[in-house]
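There are 2 protein chains.
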Amino acid sequence: MTEARSSTLEPLESLSMTDRVENILREYFTDNAFKPGDSLPNELEMAQKLNVSRNVVREALSRLRMLGMIEARPRRGMIMAQPDLLAGMEKVLNPFLLSQDNLKDIFELRLILEMGISEFLFARKTDKDLDELEAIVNKQKHPTLVSKEEEILFHGKLYEMTGNDTFNRFQTLLMPTFQHVFTGFYDKGVKVEIEHPVTHRDLFLLLKNGTQEDFRKGMYTHLAVYFATIKDR
Amino acid sequence: MTEARSSTLEPLESLSMTDRVENILREYFTDNAFKPGDSLPNELEMAQKLNVSRNVVREALSRLRMLGMIEARPRRGMIMAQPDLLAGMEKVLNPFLLSQDNLKDIFELRLILEMGISEFLFARKTDKDLDELEAIVNKQKHPTLVSKEEEILFHGKLYEMTGNDTFNRFQTLLMPTFQHVFTGFYDKGVKVEIEHPVTHRDLFLLLKNGTQEDFRKGMYTHLAVYFATIKDR
Numbered sequence: 026m027t028e029a030r031s032s033t034l035e036p037l038e039s040l041s042m043t044d045r046v047e048n049i050l051r052e053y054f055t056d057n058a059f060k061p062g063d064s065l066p067n068e069l070e071m072a073q074k075l076n077v078s079r080n081v082v083r084e085a086l087s088r089l090r091m092l093g094m095i096e097a098r099p100r101r102g103m104i105m106a107q108p109d110l111l112a113g114m115e116k117v118l119n120p121f122l123l124s125q126d127n128l129k130d131i132f133e134l135r136l137i138l139e140m141g142i143s144e145f146l147f148a149r150k151t152d153k154d155l156d157e158l159e160a161i162v163n164k165q166k167h168p169t170l171v172s173k174e175e176e177i178l179f180h181g182k183l184y185e186m187t188g189n190d191t192f193n194r195f196q197t198l199l200m201p202t203f204q205h206v207f208t209g210f211y212d213k214g215v216k217v218e219i220e221h222p223v224t225h226r227d228l229f230l231l232l233k234n235g236t237q238e239d240f241r242k243g244m245y246t247h248l249a250v251y252f253a254t255i256k257d258r
Numbered sequence: 026m027t028e029a030r031s032s033t034l035e036p037l038e039s040l041s042m043t044d045r046v047e048n049i050l051r052e053y054f055t056d057n058a059f060k061p062g063d064s065l066p067n068e069l070e071m072a073q074k075l076n077v078s079r080n081v082v083r084e085a086l087s088r089l090r091m092l093g094m095i096e097a098r099p100r101r102g103m104i105m106a107q108p109d110l111l112a113g114m115e116k117v118l119n120p121f122l123l124s125q126d127n128l129k130d131i132f133e134l135r136l137i138l139e140m141g142i143s144e145f146l147f148a149r150k151t152d153k154d155l156d157e158l159e160a161i162v163n164k165q166k167h168p169t170l171v172s173k174e175e176e177i178l179f180h181g182k183l184y185e186m187t188g189n190d191t192f193n194r195f196q197t198l199l200m201p202t203f204q205h206v207f208t209g210f211y212d213k214g215v216k217v218e219i220e221h222p223v224t225h226r227d228l229f230l231l232l233k234n235g236t237q238e239d240f241r242k243g244m245y246t247h248l249a250v251y252f253a254t255i256k257d258r
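Quick mapping for you: the protein sequence lines, in order, are chains H and B. The first sequence: position 156 = 181 (the working numbering), numbered continuously. The second sequence: position 106 = 131 (the working numbering), numbered continuously.
Where hints are given, some of them may not hold.
Copies of one chain are not kept apart here, so a pair can be met inside one copy or by any two copies together.
Distance condition first, Cα-Cα at most 30 Å in a straight line; then the derived DSSO-like pairs of lysine-lysine [claimed, not checked]:
(1) K242 / K256
(2) K153 / K256
(3) K74 / K116
(4) K153 / K166
Rather than coming from a laboratory, the hints here were simulated on the basis of the structure.
Kindly generate the complete structure, drawing on both the sequences and the hints.
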């Protein structure tokens, strides 16, 4: 790894030794096309080759283990593994720690994703899916006063119906933060009256009998109370 | 932290001591509403309270430092920090390691996001943005044979125009993986002829003079060659 140099005097990057070893290892794996199941050199060997302490290597490996990139196997030492794409994000979704900008971004990201799923829903919906969605709608106590749990059930089923597990998990992860941010807007008096609200049942019917465009317009109206907040950036 | 128990006999969770300490610390921060800037107890104190070795605490803290949740400050010890929402994901976006399903998911996720940005573009576009977008289009050498760099410039400008930095960074991160996956489809003979292709210039004009719906339909046609791959899941 070569370190970037600029022609002006700038503060040296504040990378710790562990940061640097972590970066070097990830780069080494990529450059050598390591695949899941491949064995890694042992800790001591890496420490010697990199001329750093064993503790530093152990810390860097522990980070990669957290991301699911490597695994310890009994009697086989460490091997490469299939990382979990969202593990890191899941761990930092703490509303006390994220900046206001980050929280607002997450709020909007959910809206963007919600508006973008029509093509996938119409390409992949099955009768079984639609029956399950209808059952969820039938269990709701009230058409417009929807509990948080009912909300998650309905939209969660839509996410599942896209056939994209990563998207499904991503949206589900964003949901609590989305609610957290919206409660903040709501408390600040951002209230919107929708003349002809689109309910979960309406969305179900649009998905069953309508077109992609109908469904998307319905989803926009369904989310209009949230979209009303996005103008003021 | 209480550990979940089930009423049937199942293998004990394969959490290492470091995994457990990491989880306990994150839970402790959330439960006690730690905010960026708050000081943490020192390593030794934590090790004593948790009755684990100092190395285990150091490893767990190193993981949290990687995620940006904590920082070491000279003469102040460790403090909480604003984590980087996408740092973990950025580190594991290695096509050699991710599963085929994950790669396909990422490919589709970009399409979902691309279809969902209309509302944000129309709510936030400025004349300056449109001028910059036009300049990007004017520099393109050919209307339909677009280089990877020209592709990134044009769509990257759209992402920027959403006013959502997290979305912008997220999409930019997904781009190389998207291209990697699509090259795979293309090599397998998935080729689609689009009768009336929508070019970057067409999209620019729709964004300048059209409606949200026009723009979205244009974007769908612009991406039709990619959407042709999603039916066969």
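Of the hints given before, which are not true for this structure? Result: no hint breaks.
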